[in-house]
Amino acid sequence: MSEAAAAIWFDVGTIADIPKLGARVVASREGPIAVFRTASDRIFALRDKCPHRGGPLSQGIVHGEHVTCPLHGWNIALATGQATAPDIGCAAAITVRIEAGRIQLRFSPSAE
Amino acid sequence: MNMMHKKQRLAVIGNGMAGMRCVEELLKRDALRYRITVFGAEPHTNYDRIMLSSVLAGEKEIDQIVINPLSWYGENEIRLFAGDGVVAVDRTLKTVTAESGRVEPYDKLLIATGSRPIVPPIPGLDLPGVCAFRDIADIEQMIGASEQYKRAIVIGGGLLGLEAANGLLKRGMSVAVVHLMDTLMERQLDPVAGGLLQRELDGRGLNFFMNGQTEEIFGETRVQGVRLADGREIPGDLVVMAIGIRPNVELAKKCDLDINRGIIVDDTMRTSDRDIFAVGECVEHRGRTYGLVAPLYEMAKICAEHLAEDNAPGAGYTGSVLSTKLKVTGVDLFSAGNFIPGEDCSDLTFHDSARQVYKKLVLRDGRLEGVVLYGDVADSGWYFELLRKREDVTAYRDGLLFGQNIVAAMGNAPKTSVADLPGDYQICGCNGVCKSTITDTIAAKSLTTLDEVRAHTKASASCGSCTHLVEALLKVTLGTTFEEAAPAGMCKCTPLTHEDVRRRIKDEALKSIPAAMSALGWRTPDGCASCRPALNFYLLCAWPGEYHDDAQSRFINERAHANIQKDGTFSVIPRMWGGTTNARELRAIADVVDKYAIPAVKLTGGQRIDMLGVSKQQLPAVWRDLNAAGMVSGHAYGKALRTVKTCVGSEWCRFGVQDSTAMGIALEKMTWGSWHPHKVKLAVSGCPRNCAEATIKDFGVIAVESGWELLVGGNGGIKLRGTELLCKVATSAEVLEYCGAFLQLYREEARYLDRTAPWIERVGLDYVKTRIVEDETGRKALYARFLYAQKFAQIDPWEQNAVQDKPKAEFRLLAEAN
Ligand code: SRM
Ligand SMILES: Cc1cc2nc3c(=O)[nH]c(=O)nc-3n(C[C@H](O)[C@H](O)[C@H](O)COP(=O)(O)OP(=O)(O)OC[C@H]3O[C@@H](n4cnc5c(N)ncnc54)[C@H](O)[C@@H]3O)c2cc1C
Ligand code: SF4
Ligand code: FES
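Those protein sequence lines, which keep their order, are chains A and B. Residue numbering for the first sequence follows my numbering, beginning at 47 and increasing consecutively. Residue numbering for the second sequence follows my numbering, beginning at 381 and increasing consecutively.
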């Protein structure tokens, strides 16, 4: 069974629904997911849980392709979820695709 | 062994600071040797005399200054006769006799009778209303007088006199200080520092009569004033004598112990009678008497060693080096050693008149001999160590005046520098980081900058007060490879300073964040979490009404108009004008709490009510309900005007002289909604008792009989700073005008994230006075600009975001993928 076949793509809305340099939250069974939009309209999605102490990354300030966590200021790379050195940790990244201007997130039925 | 023998009897005369410290030290060493009896002339248990100044100033209550309560005597089986002074000692029979007639035998006797205020031979001393400043009875009299009378006269401009004067001023009296000399505290300060101090206290409202020799205290049934030798007459209803102290040797003299100025003791604290010891201000040791507690505590320790053990080893007491601080809030002053340079001495001085900072160091034979610091006492501990230890400072003499950091930076780390701190010495209190963690990390990770150390160890990453130590450690660890931090650019995105950026925003008419970033050559495409909020504020401040606020450049709290909590929920704090509320508002709050099942409600430190644990999605509905009851956002989340605390004032309080509540509400109505470089807090007190804590606010107002005192630059947070007096004004309209102008100056000129306290420390109070007090046209223009900006700022953000039909996107989920 190929990976693609196992994946479920879920439609969450349009790019315009998210403010530039901002984020919105998608509720999911595995907890909230933050969907980010950069200045150049790239869209990323991360578990809305900072690897430091669980802060809601969706509420942070977005700059370049990073977000600064609102609780204690860790910087997290939007593409990978990795914390910027020297901090160590990773927020799970969720695969995103844009289909005709609509944002779709990939959920795998099993664990990510 | 002691248990087998009958206990010896130790009698102590004097239940004061030195005597009881000695007993404490003795109990630590041998709690069983003596059966202890204490006689005290005052009807109190052992208390902290030093703190009488704070009690007088209203900063402490009597019950807070007790050192040992009655239970302590009980637990240690000490018999205390308080209020029963000893009147005679019989050295042959070895007994003491108290006023009450009680006779108590002793094997060992400890005399710790302290000293007495010096009373000059002038007429009128026995009039009611004349007192000293020595014990609880004195300050009870002073406090009583301050509640009934208006004018006080303090005779003596030394340490005690000034603390008395300050306390009485704070209790609402007008205070005159008569001083014999032409500079204040001449025994601790040189003339320059004395002059600075006088100017500061003068600004706070003390009236000085220098070179004043008091000739007579006059009055009929109560004191009415004093007359000076040169004919000047000062009216007053209370006269406090504080011209000095003299060792209390009366008893010792009566029983023929050797005395000079004080009771003569040897290095074991024994008097001329081997069974009689003496400690404290009453003794004279190697020709010196003392009037501060540090040396008395050293004496107490030595004395206890010799009481506990008959032939105790050890060097004994050899004398002390003294240092002085003045306990007047907001006056930073330090003095130690001998500061009048003799022939073989040289002195180093530094004087920054703008910042009111003065330092003088006296050197002899390459060692520090005396120190006087005024206005900046950060290095006092270090200088005092050098002085006490008689360190040779020749190697870093050039940097000495500039303090420990500079000396450490010169690579000439002296003995007491960070280099010599033990590895487990905690450098950063906030994050609990000790020295070895920092030095090990610097070495292991090859760190070279402060930022890197902060990132890797968190040291100095919180309140920042240990930054100098961390920098010194970097320097010490790296030696010459340490790179000085470049003059601070705003952040990593630009080398420009905050000031450069603000100026160019105006000069080049930059009106949006992208415009500013491109004109100013930002290194990153859209800045970072530290420069974007700063730019947003600078633009907002520069172009009121024109600039479009950029929500994405605001920290979440300001974007969501609520305060994010550690679990991602928010807190909601409605404005309560001047700390007042009513049944309708309270009912609305209660209803909201019930309706949205808000888990916690708390009174804040800012005189209002906090509802905690509200989810982001609930916020618009919560706001709608609060709005309906007339409540608006309290901006408890913003770099904005926060609270205006008030006290009940003349409307209700028996001491209030103006309506502080109404004044506070008027100020809050004028200033709410204004954005600032950092949060801004105001307070208004109805009299100098200052129940609204105006003296630690950014802008504080204290009502006085003739109007209002305006105070600026206070901060109660990480680094406590009392306000400084800006000026006095007569009317409420002026309070509003000065406040608006002051806040506008701060908004226009401070760096983002500077509160008023560090900003004023940088630019100097004199600068603020020039702009606000002296330049009337300038002040009015600032005020006008403030009011103009408020037209666009006073829109309740809650109302704008409250849920009408559909909440704004920010507060809604994008989707539910379940
Ligand atoms: C709610 C309150 C505590 C309380 O339960 O009473 C509070 C709560 C917070 N304070 Fe405070 N402060 C509160 C009164 C104070 C006071 C007392 C006062 O205002 O009289 C002070 C000292 C006075 C002062 O500011 O000078 C105070 C000094 C601080 C500081 C240190 C500021 C400084 O200049 O050193 C911070 C940190 C900061 O702002 O960077 C801070 C920051 C915070 C934050 C906002 C931390 C944060 O960013 O999340 C806290 C939010 C807690 C939360 O979970 O919502 N809080 N905070 C008080 C709200 C008052 C209000 O009605 O608005
Ligand atoms: C307002 C004020 C502020 C001060 N501030 C400072 C400061 O900031 N820093 C500092 O280092 N020092 C300060 N001092 C000085 C400090 O308080 C004294 O140096 C210290 O209290 C002296 O201790 P002592 O035990 O020798 O005398 P005391 O504390 O005066 O104790 C002597 C006690 O003996 C009692 N006594 C006297 N005769 C008899 C008798 N015949 N029988 C029984 N009891 C008797 C007295 O009533 C008194 O209670 C301050 C003093 C005052 C008054
Ligand atoms: S003092 Fe203020 S910042 Fe610290 S825990 Fe309490 S509320 Fe939070
Ligand atoms: S929870 Fe994100 S930085 Fe602490």
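Hints listed in this document are in silico derivations from the structure and should not be mistaken for laboratory results. In this text, a Cβ means the ideal position worked out from N, Cα and C, and glycines have one as well. Each hint should be verified, as a subset may be incorrect.
[Unchecked claim] The calculated DSS-like cross-link candidates involving lysine-lysine, where the alpha carbons are at most 25 Å apart (straight line), are:
#1 A:K66 - B:K1188
#2 B:K838 - A:K66
#3 A:K66 - B:K872
#4 B:K474 - B:K488
#5 B:K408 - B:K440
#6 B:K488 - A:K66
#7 B:K386 - B:K408
#8 B:K488 - B:K408
#9 B:K1186 - B:K1059
#10 B:K1059 - B:K982
#11 B:K1059 - B:K1171
#12 B:K886 - B:K1171
[Stated by the list, open to error] Listed next, with one range per pair, are the computed distances between beta-carbon atoms:
#13 B:K1171 - A:D57: 43 to 49 Å
#14 A:G59 - B:L858: 50 to 56 Å
#15 B:L858 - A:D57: 27 to 33 Å
#16 A:W55 - B:G901: 40 to 46 Å
#17 A:G119 - B:H424: 49 to 55 Å
#18 A:A73 - B:A977: 17 to 23 Å
#19 A:R75 - B:D947: 15 to 21 Å
#20 A:A73 - B:P905: 28 to 34 Å
#21 A:G119 - B:D880: 40 to 46 Å
#22 B:Q444 - A:H118: 32 to 38 Å
#23 A:W55 - B:I1098: 45 to 51 Å
#24 A:H118 - B:P905: 20 to 26 Å
#25 A:G59 - B:A1008: 40 to 46 Å
[What the hints assert, rightly or not] If you only want the chain B side, here are some residues facing chain A, beta carbon under 8 Å, derived:
#26 G761
#27 T904
#28 C908
#29 R912
#30 L1194
#31 A1195
Hint check:
no.: 1; hint: A:K66 - B:K1188; verdict: holds (16 Å)
no.: 2; hint: B:K838 - A:K66; verdict: violated (32 Å)
no.: 3; hint: A:K66 - B:K872; verdict: holds (22 Å)
no.: 4; hint: B:K474 - B:K488; verdict: holds (8 Å)
no.: 5; hint: B:K408 - B:K440; verdict: violated (29 Å)
no.: 6; hint: B:K488 - A:K66; verdict: violated (84 Å)
no.: 7; hint: B:K386 - B:K408; verdict: holds (20 Å)
no.: 8; hint: B:K488 - B:K408; verdict: holds (18 Å)
no.: 9; hint: B:K1186 - B:K1059; verdict: violated (31 Å)
no.: 10; hint: B:K1059 - B:K982; verdict: holds (21 Å)
no.: 11; hint: B:K1059 - B:K1171; verdict: holds (20 Å)
no.: 12; hint: B:K886 - B:K1171; verdict: holds (20 Å)
no.: 13; hint: B:K1171 - A:D57: 43 to 49 Å; verdict: holds (44 Å)
no.: 14; hint: A:G59 - B:L858: 50 to 56 Å; verdict: holds (52 Å)
no.: 15; hint: B:L858 - A:D57: 27 to 33 Å; verdict: violated (55 Å)
no.: 16; hint: A:W55 - B:G901: 40 to 46 Å; verdict: holds (42 Å)
no.: 17; hint: A:G119 - B:H424: 49 to 55 Å; verdict: holds (52 Å)
no.: 18; hint: A:A73 - B:A977: 17 to 23 Å; verdict: holds (19 Å)
no.: 19; hint: A:R75 - B:D947: 15 to 21 Å; verdict: holds (20 Å)
no.: 20; hint: A:A73 - B:P905: 28 to 34 Å; verdict: holds (31 Å)
no.: 21; hint: A:G119 - B:D880: 40 to 46 Å; verdict: violated (25 Å)
no.: 22; hint: B:Q444 - A:H118: 32 to 38 Å; verdict: holds (37 Å)
no.: 23; hint: A:W55 - B:I1098: 45 to 51 Å; verdict: holds (49 Å)
no.: 24; hint: A:H118 - B:P905: 20 to 26 Å; verdict: holds (24 Å)
no.: 25; hint: A:G59 - B:A1008: 40 to 46 Å; verdict: violated (32 Å)
no.: 26; hint: G761; verdict: violated (32 Å)
no.: 27; hint: T904; verdict: holds (6 Å)
no.: 28; hint: C908; verdict: holds (5 Å)
no.: 29; hint: R912; verdict: holds (6 Å)
no.: 30; hint: L1194; verdict: holds (4 Å)
no.: 31; hint: A1195; verdict: holds (4 Å)
In this structure, the earlier hints numbered 2, 5, 6, 9, 15, 21, 25 and 26 are contradicted, and the remaining ones agree with it.
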